[in-house]
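> Those protein sequences? They're chains X and Y, same order as listed. Residue 640 in the numbering used here sits at position 631 of the first sequence; the count goes up by one each step and never skips. Residue 216 in the numbering used here sits at position 205 of the second sequence; the count goes up by one each step and never skips.
If you're looking for bench data, these hints aren't it; they were derived computationally from the structure. In this text the structure is predicted, and so the values were computed from the model without any measurement. Hints are not guaranteed to be accurate.
Below, computed lysine-lysine pairings styled on DSS-like, alpha-carbon distance capped at 27 Å [stated by the list, open to error]:
{"no.": "1", "chain 1": "Y", "residue 1": "Lys18", "chain 2": "Y", "residue 2": "Lys87"}
{"no.": "2", "chain 1": "Y", "residue 1": "Lys72", "chain 2": "Y", "residue 2": "Lys87"}
{"no.": "3", "chain 1": "Y", "residue 1": "Lys72", "chain 2": "X", "residue 2": "Lys331"}
{"no.": "4", "chain 1": "X", "residue 1": "Lys487", "chain 2": "X", "residue 2": "Lys157"}
{"no.": "5", "chain 1": "X", "residue 1": "Lys487", "chain 2": "X", "residue 2": "Lys682"}
{"no.": "6", "chain 1": "X", "residue 1": "Lys331", "chain 2": "Y", "residue 2": "Lys87"}
Part of the chain Y face toward chain X, derived, beta carbon under 7 Å [unchecked claim]:
{"no.": "7", "residue": "Gln24"}
{"no.": "8", "residue": "Phe27"}
{"no.": "9", "residue": "Leu93"}
{"no.": "10", "residue": "Leu97"}
{"no.": "11", "residue": "Ser101"}
{"no.": "12", "residue": "Val105"}
{"no.": "13", "residue": "Leu189"}
{"no.": "14", "residue": "Asp192"}
{"no.": "15", "residue": "Gly194"}
{"no.": "16", "residue": "Pro195"}
{"no.": "17", "residue": "Ala198"}
{"no.": "18", "residue": "Thr213"}
{"no.": "19", "residue": "Ile220"}
{"no.": "20", "residue": "Arg227"}
{"no.": "21", "residue": "Gly228"}
We put the CB at the ideal spot given by N, CA and C, even for glycine.
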Amino acid sequence: MKKTNPVGKGLLLLVIGGVVGYGIGLGLDLLISGTLNFSGSVASAFALLLAVTAFFFGLYGYRGITRGLTWQVVGTLLGALFITGIRALMGSATVFGPFLFSEPAWVFGALAGVVSFVFGVGIVDDWFNWARGIDTPEHHEDEPGWEKYFGVSLDHKVIGIQYTVTALVLIAIGGTFALIFRTELAASQLQFLTTTFRLFNQTGPQFYNTIMSLHGIMMIVSILLGVSGIMNYVVPMIIGAQDMAFPRLNAFAYWVAVPASVLFLMSLVLGGFDTGWTGYPPLSARAPVGMQMFFLAVFTAGWSSILGSLNVIATVVRMRAKGMIAMRLPIFVWASIATSIIALTATQLIGLSFQLVMFQRLLGMPFFNAAKGGNPVLFQHLFWFYSHPAVYVFVLPGLGVISELLPVFVRKPLYGYRWIAMSSLGIALVGFTVWAHHMFTSGMNEYLRVPFMYSTLLVAVPTGVKFFSWVATLWQGKIETPTPMLFVLGAIIVFLIGGLTGPPNAAISLDLHLHDTYFIVGHFHDTIFGGFVFPFFAAIYYWYPKATGRRMSEFWGKVHFWMMTPSFFILTFGMMRIGLLGMRRRIVDYDPALGLDTAHLIMTIAGFLIGLSVLIFFINFFRSLKHGEEATGNVWNSRSPEWQVPSPMYVHNYEVPFEVVGEPYDYGLHGSKYVEFISPNEVPQHPHPPSPAKVESIK
Amino acid sequence: MIHTQEKSSLLSQGVFIFVYLAVLTGLEFFVAITFSSVPLLVVVALIKAALVVYYYMHVYKLNLESEIDEHAYDYKAGTNRLGLWLFLVSDSFVFGGLMVVRINLLGLTRPELNQLLGLAVTAVLLISSFFMNRGETLMHNGDRKGFLLNTAITFVLGLGFLLGVVLVEWRVAIHEGLTPDSGPAGAAFFMMTGMHAFHVFTGLILLAIVMANGRRGLYDEKNYPVEAAAVYWHFVDVVWIFFYPALYLIGRLA
């Protein structure tokens, strides 16, 4: 029997599913509205849902993710039909809406779809068994091979890789959006996103607004997933735990992010939305149905973030190896704790703020409707109470990765361990008190401005502590520069630029002029690239051998770095420059008289070079799975426990438990030791350390 | 440590806490109808919440010290307890956010609601917490029958609260012109009671699960699920301890 390539089969079915879905949608639309709308939303929505489902069917068969997606499609349709039916029975005038179903029907359908996905993929089966009084085993081993990544697995390493790959997929989609609108911006006037352009029931400028907004939010969600990915993969391993504290909850937190990603794409095809990722009312109170899909998607992705961070905290508190006291925790764990504290608590507020707008749209509850006594500024307070600390959720793990990897490649102890550990918590805590600096121009109470300016400037202190530590660690070190270290160094420099451009925005008098200009866009791209994207790539290059037993190509890694970094500087310095010259953010077109055409063209070229470098990374990533150089040992000569055992990691991490006997980052100090493995027959039953002769020690 | 105490002393402690809560609720109502002092109402609500959190939700059981045997039931229960508390901390931010919405939109005014009805549902919820505590204590001491009976009473009272809010109170409010789209007062009222009712509903599901599994005889000394359901139930109660004065008592009639 001929063996078919599952990817090819998946792609074939992707096309077939898309065409069939498009046909069904077109037919339904014709039936309801009476016109053939080839660029319409309904046909596109069906095409999207069926194409994605069919792709995974071809790739993986009807189980795991395919089953979840199938259930999501069916659940969405049944939910929407349910509400449509009720409205028809009640004699409502608007049984159908401009997108086939009415807005309440789509909202209920989307929610039903998410719940159906969770049931379909099978992640709640165990909990239902518990509720029925049936006990289920804590761990089941996965089959070796690639297939475990497309189904429910309870292994934190599998889930970490699932998160990471999902994050990379979302980065690719969000980056593509950026390239599309960057191309439109390359010259003034409208080139291809014109007013006669029609796609998904949107004109060119509307489409620009949608993909600009979606670029923002998809990148944010991909960062959240990427952060979860690194934390999931690394944290249990470096603290010597077998798994996360709650493996099922961990898997749930991942799988609920998948239907959320589908909902983001649904928001694109269902009329889009034009508010930017912030979704401020009153604009968001009257945007098309896509707005509701966006709200629901963020809401669902928020569950993932909350439950994942809960799990990280519980894991670190309860499951550390023997001897791993607070001041001997790896620095990345401190960063994870800090980030998890924010994600655990503040995320609720963005969910709440979006929920209130959803209800304002559905039931007319006038929370933010000033005409009826509501307060639009209240939304901004609730929203930024999460969305500012959220940037520390993005960067803290990245900064943790920098501190974690730096001593390995400098062969020197990390300078100021305690300070750097505490600075993560410091940033997290100060981060809770700065949100209103996004609102200096919003018309909030004036007396709030100055305190928020000072609290914002205060963030520079713990961040500065980190910089001092990094520079002092680099000082007189034996610096090696393999690819992960290049990205670490790049991250430090890029984040420095991002950090230095922050205080001008915090100063009220300047911010009143800089607000909503491209200067802000340049600033936050610097912080996010320095705080997340560069460290994320560093972490992938660094821990790739641990996950696969092979390393990624050094040559292509270096090409990736040297192509991305200069292009990125050109892009963001360009953004800041044109921002100072008067370029506003979020707009599809600009006045040629501003004289910014050349700058925009250069930035667009730089943007495409970044895209190309990431494409190289993707090819390197997947190619190295099969063809990478074998690396099963301690590739980076690290002291960290996960590198003392062969790669790829065992299923339950360490066959032999270890004990922490020294400081984690004492590189280059003679005779220093971080972990000792306790041989299985000699697990000490007494508090005294076992005699050296009976211990396999690994330096 | 409390868990070494006698069963009877634990049960009588539950009674005392309940009496305190009842007296404080009465005081709260009296303050509200006579001289409406906001600081005093806040203090009373905080005391009530502290009593429930300490004595009914056993916050002191959060023991974070690492023990040797990571596979023992008690250790796992401790981890689960930490997870549950982290979830409650997270959840309380939703309710905190709703309080912010209420304070921002309504300030020192309140919607006109049926006071007697409000006091009645509050009383029902507080009494249900008392029976929940009793049921949990009995299970802890191996009295499965007593646990089932008291949890069943809790369930009935909780259901009474849920129906009292959603079917009676909402209908009365709408009848008197306080609809979700009438203004910020209606919006805040329905969103706050609605979110709380949703949590009561999930609490009822948890109670039903532990009752069903208790009838199957699943719990002996290993009864963490009972504790978890009870702690969640009391948390819902704590939320209402703050929502009740926020919606019914604080401020002048708009």
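> Would you mind marking each hint as holding or not holding in the structure?
Here is what the structure says about each hint:
Taking the CA atoms of Lys18(Y) and Lys87(Y), the gap is about 24 Å. The hint holds against a cut of 27 Å. Among the hinted pairs, Lys72(Y) with Lys87(Y) is consistent with the structure: their alpha-carbon atoms are about 13 Å apart, no more than 27 Å. Between Lys72(Y) and Lys331(X) the alpha-carbon distance is near 23 Å, which keeps this suggested pair within the 27 Å criterion. Of the supplied pair hints, the one linking Lys487(X) and Lys157(X) is violated, its CA atoms being roughly 41 Å apart against a limit of 27 Å.
Taking the CA atoms of Lys487(X) and Lys682(X), the gap is near 20 Å; set against the 27 Å cutoff, the hint holds. Taken as a hint, the Lys331(X) and Lys87(Y) pair is honoured in the structure, with Cα atoms around 17 Å apart against an allowance of 27 Å. A distance limit of 7 Å between C-beta atoms decides the matter here; for Gln24(Y) the minimum to chain X is near 29 Å, and the interface restraint is violated. Interface restraint check for Phe27(Y): the shortest CB-CB distance to chain X comes to about 33 Å, outside 7 Å, so the restraint is violated.
Interface hint status for Leu93(Y): upheld, as the beta-carbon distance to the closest one in chain X is roughly 5 Å, under 7 Å. With 7 Å as the threshold, the beta carbon of Leu97(Y) comes within range of chain X, its nearest partner Cβ sitting at about 5 Å, so the hint holds. Checking Ser101(Y) against chain X by beta carbon gives a least distance of about 5 Å; that is within 7 Å, so the hint holds. Taking 7 Å as the C-beta cut-off, the interface hint given for Val105(Y) holds, the closest approach to chain X being about 5 Å.
Taken as an interface hint, Leu189(Y) does not check out: its beta carbon lies about 12 Å from the nearest beta carbon of chain X, beyond 7 Å. This hint holds: Asp192(Y) has a C-beta 3 Å from the nearest C-beta of chain X, less than the 7 Å allowed. Checking Gly194(Y) against chain X: minimum C-beta separation of about 5 Å stays under 7 Å; hint holds. Hint on Pro195(Y) holds. Least Cβ distance to chain X is approximately 5 Å, under the 7 Å limit.
For the restraint placing Ala198(Y) at the interface with chain X, the shortest Cβ-Cβ distance is roughly 4 Å, inside the 7 Å limit, so the hint holds. A distance limit of 7 Å between C-beta atoms decides the matter here; for Thr213(Y) the minimum to chain X is near 12 Å, and the interface restraint is violated. A hinted interface residue such as Ile220(Y) counts as satisfied when its beta carbon comes closer than 7 Å to some beta carbon of chain X; here the least separation is about 5 Å, so the hint holds. A cut of 7 Å between beta carbons decides the hint on Arg227(Y): the least distance to chain X is about 5 Å, and the hint holds.
Interface hint status for Gly228(Y): violated, as the beta-carbon distance to the closest one in chain X is roughly 9 Å, over 7 Å.
The structure fails hints 4, 7, 8, 13, 18, 21 (numbered hints given earlier, in ascending order).
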